[in-house]
Every structure is written in structure tokens, then in C-alpha cells.
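First to last, the sequence lines map onto chains A and B. Residues in the first sequence are numbered from 1 upward in steps of one, following my numbering. Residues in the second sequence are numbered from 1 upward in steps of one, following my numbering.
Certain hints may be false.
As a list, the in silico BS3-like pairs of lysine-lysine whose alpha-carbon atoms are at most 27 Å apart [as the list claims (entries may be wrong)]:
| hint | chain 1 | residue 1 | chain 2 | residue 2 |
| --- | --- | --- | --- | --- |
| 1 | B | 99 | B | 26 |
| 2 | A | 205 | B | 99 |
| 3 | B | 99 | B | 73 |
| 4 | B | 229 | A | 205 |
| 5 | A | 4 | A | 205 |
| 6 | A | 4 | B | 99 |
| 7 | B | 26 | B | 73 |
Read the hints as simulated data drawn from the structure, not as lab findings.
Each chain, letter by letter, is given below.
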Amino acid sequence: MDVKSAITRARRGLREERRLYVVAVTSLAVAFICLGATLLGVTNLDAAATRWGQSGRITLFLKDDADPQDIAQLRVVLEGLADVDEVTHVTPTQARESFLEEADVGADLSSLPSEVFPASLEVALVQGVTRERSESIAMRLTQFRAVSDVESYGSWFQKLDNLLWGARMLAAGLAVLVMFCVVAVIGNTIRLAVARRRQEIEVMKLCGATNGFVRGPFVLEGMFQGFASSLLAILALLAGYLALHDSVDSTLAALTGSRVVFLGAWTLVAMLLGGAVIGAVGSAVSVRRYLAV
Amino acid sequence: MQGTKVVRPFPFFRAGQRASQPQLAKPILVLEDVYKFFRPDQPTLRGVDLSVERGEFVFITGPSGAGKSTLLKLVYRELRVDEGRVLFCGRDIARLTDKSIPFLRRNLGIVFQDFRIIDHWTVFENVAVALEIVSMPQRLIRSRVAEALERVGLAGRGPEQTSNLSGGEQQRVAVARAIVPEPALILADEPTGNLDPHLAIDILTLFEEINATGTTVLFATHDHSLISKRDHRLISIDDGRVSEAQQGLKHWQGSSGIHTLVG
Ligand SMILES: Nc1ncnc2c1ncn2[C@@H]1O[C@H](COP(=O)(O)OP(=O)(O)OP(=O)(O)O)[C@@H](O)[C@H]1O
Ligand SMILES: [Mg+2]
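Please build the complete structure, drawing on both the sequences and the hints.
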């Protein structure tokens with residue numbers, strides 16, 4: 001196949017059928033935006049899960065009537081553990097202050113008395129402590145007299161894992177759906193383009209053009225549509241990300257301590273290449289079907 | 001015409017190769033006992049035998065629906081014979097695989113009644129397409145197209161939009177497209193059918209000039225005023241059979257008159 005001639009003819013085809021291709025690329029871009037947005041969700045959940053998983057911590061809520069001596073003893077025990085990095089005592093007053101500061105909920109809560117906030121020991125674990133390990137440490141700590149309740153955030157992690165799994169499945173399902181979408185839309189576009197160029201195809205065949213020569217530009221046009229629509233989707237997502245991440249970041253940082261991240265380089269490359277490849281394959285399949293040559 | 005090399009991957013005309021002596025001696029086109037059925041009971045062509053020598057100019061005539069177009073379609077493999085053989089340069093066309101058909105067609109120039117040129121292309125593009133399909137370098141395409149346009153009397157008209165041309169000029173563009181790859185055989189299916197008598201003679205003369213340079217021409221027409229003006233070999237198809245006169249209508253030996261001959 002003569003690639004140079006195919007490119008020249010594909011460019012001409014794109015120019016002459018501009019409207020057709022603008023419509024196709026726009027609708028495919030919407031499909032790619034849905035996929036990209038889901039992938040963005042997965043990426044961010046994944047990043048958050050990783051961050052939390054690495055900075056393991058346990059909160060020990062203390063009884064209101066706990067003996068200060070018991071608490072001191074507990075601290076000594078905790079600081080003696082190899083898995084523990086740091087222990088901080090949070091008094092009810094401190095808890096109230098940091099709550100009001102972080103939650104930023106308004107004036108009516110500032111009247112809350114500090115008694116509603118229990119005192120606690122914030123235990124930061126060293127890097128690399130597994131979740132199972134932190135669960136078992138938490139289990140043992142419940143037996144201390146001064147401790148009313150232990151939060152090891154295990155159920156949080158479970159929920160996050162479930163969420164992450166669900167998001168991944170959604171992304172995979174959407175990827176398949178988008179693939180079908182691309183094949184269907186490009187197939188339809190090619191069918192129209194073939195019908196419009198019926199005359200020139202006939203002339204080329206009569207002059208002795210091979211099937212490959214006739215099909216070449218259509219495959220390139222399909223490839224271009226796939227690539228252009230995924231690129232368009234990525235640009236739209238990037239624009240959305242840049243416009244929103246400042247405001248989203250501060251809220252998210254307050255809630256979870258993590259920041260919003262954009263799609264990774266490999267995901268972007270995969271989206272672009274995937275778009276181009278599916279576009280080329282889709283048009284190759286349909287040009288074979290509609291161009292009974 | 002001479003000098004430039006033509007890429008012809010069809011086996012008997014490989015790149016720039018001129019036909020060898022034994023090939024030159026053989027007829028360029030032979031039909032042996034050819035049958036073509038569109039309905040099982042009634043063949044459109046029945047037992048057609050025909051031999052065309054290199055460099056001949058042949059009129060093919062017969063009433064409407066006689067099978068003139070069908071005969072030509074068998075040669076450029078739009079259709080396949082049901083029985084018999086069609087030999088082009090000694091090779092059986094019916095046995096070609098679908099993949100080889102393009103290479104057969106690169107040795108043929110085909111012209112139709114309805115021109116079949118692309119309106120939204122320029123004159124140059126319409127002619128150049130016949131060379132682009134064999135991936136000829138652009139520089140060569142430009143000079144060969146200019147040369148072909150000059151031969152059909154459209155010198156310098158390359159950049160014009162085809163839709164602005166008159167019918168006669170459009171057919172000239174189609175002829176230029178047919179001759180630009182320097183085919184061995186030109187098939188013209190009623191090329192003057194859409195033109196007025198004066199222009200018809202012009203186009204006929206153009207085909208004769210092309211024939212004079214050594215290209216074989218099959219010219220299908222039912223316009224008997226054209227045929228009667230010339231002394232070319234005449235093949236008539238009627239009721240699926242061919243009969244012929246070696247030298248024009250004057251020498252026609254059939255019992256039937258001109259009018260049954262050309263419809
Ligand atoms: N693809 C086809 N399917 C069925 N019948 C066909 C087909 N092609 C041609 N025929 C029939 O074969 C006969 C010969 O047709 P053809 O087109 O060869 O005639 P023709 O001599 O070229 O006529 P005209 O002078 O009107 O162009 C006609 O009866 C036509 O109906
Ligand atoms: Mg006909």
C-alpha cells in the first residue's frame with residue numbers, strides 16, 4: 001500500500017466530509033470523556049488509598065474519668081512498641097479547636113462545649129505497617145483500663161477497597177462500551193463516506209486500483225477520528241481539572257489529607273493509542289463490509 | 001509516448017517491458033466460444049468467437065440490449081464468462097483471481113458513454129488518478145498528464161474544475177484518463193452516445209489518432225452514421241451471436257440490411 005498517497009487522499013476526504021467527521025469526533029469525544037472521568041476517579045481513589053495505607057494510625061479514645069496515671073502508663077507502653085512512631089495526647093479542648101478549625105462549619109457550632117469531645121491518644125505507626133498488624137495492635141489496646149474505644153480505621157479501608165473495586169469495574173465496563181461506541185460511530189461514518197465517494201471508488205477500481213489502495217484512506221480517516229476524539233476528551237478533562245482542582249483540593253485536603261491528581265502519563269498514552277487503534281480497526285472492518293470490492 | 005516507462009505488474013507486461021516477438025505476433029484479444037447467461041434459458045452471448053490483432057481499430061455494433069456492453073465487461077472482468085475463454089495477450093482472463101484483476105485493468109483504458117469523471121476534481125486530478133493508483137512519482141505524473149491532455153486537445157486546462165467543462169470536453173478528459181497509462185487496449189462503450197453528431201466525429205477521430213500510435217481500440221456504438229463514415233473492421237452482435245465485416249459497412253455481406261445490423 002502506498003502510504004503517502006493514502007495520507008493525501010485521507011486528508012482530502014477529511015476536508016471534503018468535514019461536517020460528517022466533526023459530528024463523529026464530537027460524539028466520540030463525549031464517550032471518551034465519560035471513560036476519562038471514571039479513570040480519573042479510579043486514579044484519585046487509588047492515590048488516596050495508597051496514602052492512607054502508608055500512614056497507618058490508631059486513635060485511642062480515653063474514658064472521661066480515666067486516671068492520668070493510667071494514661072501515662074499507656075503512653076509508656078505504646079512508645080515501647082516497635083511499630084509505633086509517635087504518640088500524641090489530644091485533650092478535649094484541643095480536639096474541639098482542631099474540629100472547628102478543620103470543619104469550617106460556621107459560628108453556631110463554636111458554642112459546643114469541649115466536654116462533647118473525648119480526649120484521645122493519636123498513635124502514628126511507622127511506615128510499612130500492614131493493615132492486619134495495625135488491627136491486631138488495636139485489638140490488644142482495647143484491654144487497657146483508660147481506653148473506652150479504639151479506632152483503627154479498618155472498616156474505612158474496607159469501604160475504600162470496595163469503592164475502588166467498584167470504580168475499576170465501572171471503568172472496565174465503560175472502556176468496553178466506549179470501544180463498541182467507537183466501532184459503531186466510525187463504522188457508520190465510513191458507510192456514509194463510502195456512499196458519498198462511490199463514484200470515485202468506481203473510477204479507481206476501473207483504472208486498476210487494488211482493494212488496499214481504495215481502503216487505505218478510510219482506515220486512516222477512522223484512525224484519525226479515534227485519535228482526535230480521545231485527544232479532545234483528554235483536553236476537556238484537563239481543562240476541567242485545572243479549573244476545579246484548587247477549590248476541590250482544599251476541601252479534600254481537609255477531609256482526607258490528599259490532593260487531586262490528574263491521569264497518569266501511561267493512562268493518557270493508552271487512551272490516545274487505544275482511540276487510534278480502535279478507530280483504525282473499526283474502519284477497516286466496516287470498509288470491508290461496505291466496500292464489497 | 002515513447003521513453004517513459006510504465007509500471008505494469010500484470011505478468012506479460014512487467015515494468016516497462018515491451019511485448020516480446022512471439023507475443024506481438026499473437027492476437028491481443030481472443031474470445032473462444034464464449035457464453036454469458038443472465039437468465040438460465042436465454043444466453044446474452046452464445047458461442048462468440050472473436051480475434052482482435054494488435055493495433056486494430058474495431059467497431060462493435062448491434063441493437064440496444066444485444067450485449068455490446070456485456071462483451072466489453074467480460075474483457076475488463078466486471079463480468080466473468082459462463083463458458084468459453086477470453087484471452088488477453090494469451091492469458092485467460094476468466095481464470096484470474098480477484099486480486100489480479102487490478103493488474104489486468106492497468107493494461108486497459110476504459111471510456112464510457114456517461115464519462116464517469118469526478119465533478120469536484122480538477123481536470124488534472126481526474127487524469128492523474130490513473131497513474132496515482134500505481135504509485136507513480138508526482139513529477140512523472142505531472143509530465144505524463146500534461147502530455148495526455150495535449151493529445152486530447154486540452155493542453156493547459158489541467159487546473160480547471162471539471163464541472164465547468166462542456167460534455168465534449170468532459171469526454172476528452174475521460175479519454176485522457178484512459179490513455180495516460182499507455183494501455184495496450186482501449187475499450188470504449190458508446191463514448192459518443194451523449195454527444196451531438198459533430199462532437200461524436202471529433203471524439204471518433206481522437207480514438208483513431210490514438211489507434212494510429214499503435215494502441216488497439218474496441219469502439220462499441222450503435223450510431224450507424226459514425227460507422228458508415230469509416231472503413232474499420234465491424235463486428236455486429238445480434239441475438240447473442242457475432243457476425244463481421246473486415247472493412248466497414250460498405251463491405252457488409254450479411255443478408256440483412258443496415259437497419260437490422262445497427263438497430
Ligand atoms: N447485470 C445484469 N443482470 C441481468 N441482465 C443483464 C445484466 N447486464 C446486462 N443484462 C442484460 O443483457 C442484455 C445485454 O445488455 P448490454 O448492456 O450488454 O446491451 P448493449 O448492447 O450494451 O445495449 P445498449 O446499446 O443499450 O447499451 C440485456 O438484455 C440486459 O438486460
Ligand atoms: Mg451498452
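Hints and how they fare:
1. 99(B) - 26(B): Answer holds: residue 99(B) to residue 26(B) is near 26 Å, not above 27 Å.
2. 205(A) - 99(B): The given pair, whose Cα atoms are some 12 Å apart, holds under the 27 Å limit.
3. 99(B) - 73(B): holds, 17 Å
4. 229(B) - 205(A): violated, 34 Å
5. 4(A) - 205(A): Holds, because 19 Å separates the two Cα atoms, which is no more than 27 Å.
6. 4(A) - 99(B): Holds - the C-alpha atoms of residue 99(B) and residue 4(A) are around 22 Å apart, at most 27 Å.
7. 26(B) - 73(B): Holds - the C-alpha atoms of residue 73(B) and residue 26(B) are around 22 Å apart, at most 27 Å.
In this structure, the one hint that does not hold is number 4.
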